[in-house]
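Peer 1: Okay, here's what each chain looks like letter by letter:
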Amino acid sequence: MTGPPPRGFWRDNSLSLVFGGLLLAALGGQAVWGMIGYNEAARTAGLQQVSLGRYVTSSGFAVDVAENWQSEFLQFVLYIALTVWLVQRGSSESKTPGDEGRESDEQQLVGSFARPDSPTWARVGGWRTRIYSHSLVLVMALVFLASWSAQAVAGRVADNEERMRELLDPIGLGAYLVTPDFWGRTLQNWQSELLAIGTMAVFAIYLRERGSPESKEVGAPHGVTRSSD
Amino acid sequence: MPPYAASMGQGGLRARVGTASVLVMGLTVVPWLSGCGADVERQQAGAVADAFTAEVSSDPQAACALLAPRTEQSLEEDGEACARALTREELPAPGTRTAVNVAGNTAQVRYAEDTVFLSLFDDGWRVTAAGCARTSPDPAVPYDCAVQGS
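As given, the protein sequences belong to chains A and B, one line each in that order. Residue 129 in numbering that gives the first Met the number 0 sits at position 130 of the first sequence, and the numbers go up by one each step. Residue 122 in numbering that gives the first Met the number 0 sits at position 123 of the second sequence, and the numbers go up by one each step.
These are computed hints drawn from the structure, not numbers from a lab. Note that the Cβ used here is the ideal one computed from N, Cα and C, for glycine as well. The reader is advised that the hints may include incorrect statements.
To be verified - Short derived list, chain B residues pointing at chain A, Cβ under 8 Å:
{"#": "1", "residue": "Ala67"}
{"#": "2", "residue": "Gly78"}
{"#": "3", "residue": "Thr95"}
{"#": "4", "residue": "Thr97"}
{"#": "5", "residue": "Asn100"}
{"#": "6", "residue": "Gly103"}
{"#": "7", "residue": "Tyr110"}
{"#": "8", "residue": "Leu119"}
{"#": "9", "residue": "Phe120"}
{"#": "10", "residue": "Ala132"}
{"#": "11", "residue": "Ser135"}
{"#": "12", "residue": "Asp137"}
{"#": "13", "residue": "Tyr142"}
{"#": "14", "residue": "Ala145"}
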């Protein structure tokens, strides 16, 4: 079972390409509107306005981007890891109740059950197969930690810029990690991601989008979690 | 893959991870690069603050040229020339410089007897507030400054 033959790079990768394009467009829009906002505040305070180039390399822009990214990757880490053990009956985002757990090597096509076209690290066994078995969560978790660290470092600089503009003392990284600014930025993003993914898990029980792999078939019963049930 | 298998649109998800990983590395690097550039900014901000505090008593006209526009306007509000108004404020002799902090476009230079705040403009660092002292142990209460923009 190797799937249909390739149909060309653009058609076979359209989903990734469109999301990549949308990401860059949104990032560009955020940069432009962020610079406009920064410059409005600078004019109000009688301070220097900045160019787009200077704004996108500023800590203010970096923290605004990083605080959203870390929460997205945390969302994926939690969802990928928790759906191994937790289920939502009837949701296309869940395994079938009763299938919780790591599953057998035969089900996971690893070791002696690997197919000839399985990834090498799934076939070889040992530490490489163990790592590869968790590679998705590991990479997501690393990107989450990198983004969250970037938020902390850039957020401290941006906060200190604001503090000194208001004639206050700047603070160190340790002190910044217990400020309302750091945790406000962090938790406001976490709650929205948890709401979105929790909503998706529940809405997918009762609602449909014809043709989308994120949805059950339109006629699938609400109580059915997988078509094989 | 079963039609109802749990998924997050895995093709798109992997691509987003790849693209985002590169951008996250950039995001991680930018603040650190800013930190390296901050060494140069610290030297420049410290030099401007040193020049300002020295010239306040010796050459107030030159000291006025180091003020941010809003701060200079504030001194001249009563129709008095900047240099004359600056002299009248009787800023404290600063003493030894003890610290220079830079974050983005703002800086704070601390002396034993004075604290100066600066902001970065196209033509370099300019003093936004001087003759500043803490009046409260509460860190959320700003410095009280003899000279500052309105």
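Peer 1: Against each hint, give a clear statement of whether it holds in the structure.
Peer 2: Against the structure, the hints come out as follows:
no., hint, result
1, Ala67, "holds (7 Å)"
2, Gly78, "violated (20 Å)"
3, Thr95, "violated (18 Å)"
4, Thr97, "violated (13 Å)"
5, Asn100, "holds (5 Å)"
6, Gly103, "holds (4 Å)"
7, Tyr110, "violated (14 Å)"
8, Leu119, "holds (6 Å)"
9, Phe120, "holds (4 Å)"
10, Ala132, "violated (11 Å)"
11, Ser135, "violated (11 Å)"
12, Asp137, "violated (10 Å)"
13, Tyr142, "holds (5 Å)"
14, Ala145, "violated (12 Å)"
In this structure, the hints that do not hold are numbers 2, 3, 4, 7, 10, 11, 12, 14, in rising order.
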